[in-house]
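Asker: As a plain string of letters, each chain reads:
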Amino acid sequence: MADRPDVDSFLPLPASVMHIVVALADGEKHGYAIMRDVARLSDGSVRMGSGTLYGSIRRMLDQGLIEETDVRPDPALDDQRRKYYRLTELGHRVGAAEYSRLRALVSAAQLRKLGAAWGGAT
Amino acid sequence: MNGVARSLHRVVLRMYPREFRDAFGDDMVQTFLDRRRYEHRSSFGLLAAELVDAASVAPTMRWENPMNRILWLASGPAALVLVLALVGGGPIVVIALLGVVIALFVVARGRDRLDVPVDAPRRAGTWAVGGALAIAVGLAIPAIDGGELNAFWWSAMALSLLAGMVLLTTGLLLVVARHTPRSKPAS
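Here the protein sequences line up with chains A and B, keeping their order. With the numbering used here applied, the first sequence covers 507 to 628. With the numbering used here applied, the second sequence covers 335 to 521.
No wet-lab data here; the hints were simulated from the structure. Since the structure is predicted, the reported quantities are computational estimates derived from the model, not experimental observations. We put the CB at the ideal spot given by N, CA and C, even for glycine. Accuracy of the hints is not assured; some may be wrong.
Covered stretches of chain A, going by a simulated chain B footprint (3 or more residues, C-beta under 8 Å) [unchecked claim]: (1) 531–543; (2) 556–567.
Examples of chain B residues lying across from chain A (beta carbon under 8 Å, computed) [said to hold, decoys possible]: (3) PHE366; (4) ARG370; (5) ALA462; (6) GLU482.
Next comes chain A alone, as it looks inside the complex (with noise of 0.2 Å):
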């Protein structure tokens, strides 16, 4: 147990992190799958480059969020020489706390009916 990263040391993660953690929860994906499903779970507000990309991505390695992988989901459909990333287990209880985290601040938010002054959902 002594040696398992502290995963509060992680937090806050990065936006551009979250993001791709979020689109990575649900199995493995290529690049350009990570980058599509950014912006489809965005609603098209937050569409990355490839340098933001690949920059999160690098980190993410390094980090040991984040690992390349063998499988596909659909070989007949895919190209070989792609890379395919998925979560680790540590990129799973990362991202689980940043979720925590931001619900308790959206919960904070709620409370004080951040928003209904101006219009918005509370």
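Use these hints to put chain B onto chain A, whose structure you have.
Answerer: Only chain B this time, still in chain A's reference frame:
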């Protein structure tokens, strides 16, 4: 058009450090082609977006290389010293300083593009000795020619000093560079 777009994209990718390109360059090209294919976007629109993204991300990545940090931090003072040397020290001082600046860039670019050779210390020693000899020859030329330098001898002296300073500084820097930690390439 596909070939032209690919070539231009390769040029944009060169803004990133070599280690990063080696690890992710092919994937970035594939992603670029995917976006063209599936998002029906024009090549030049995508290239412009990639250029903006690279301009915001690549400098941070290059900053991670300690040698680049030294170069960028030193470039301002170096330019000031060169101007002061030109005004107050005369052409020989400027040539010597120019040699040092060229050597700094040679080493920094070499570390970025190639790996420092395994036998760098031995090679560095040879370069440093060769540089010292070239400087000695350059400084001896006025004595050989009796102090009155025509254009040929002046050019020979300038060339010897410049080459000597480049070799000497490069040799010394290679030893330092070999022991400077490199940013870790992504696995």
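Asker: Look at each hint and say if it fits the structure.
Answerer: Results of checking the hints against the structure:
1. 531–543: holds (count 5)
2. 556–567: Satisfied; 9 residues make the cut.
3. PHE366: holds, 7 Å
4. ARG370: This interface hint is violated because 11 Å lies over the 8 Å limit.
5. ALA462: violated, 36 Å
6. GLU482: violated, 58 Å
Violated hints, in rising order: 4, 5, 6; the structure is consistent with all others.
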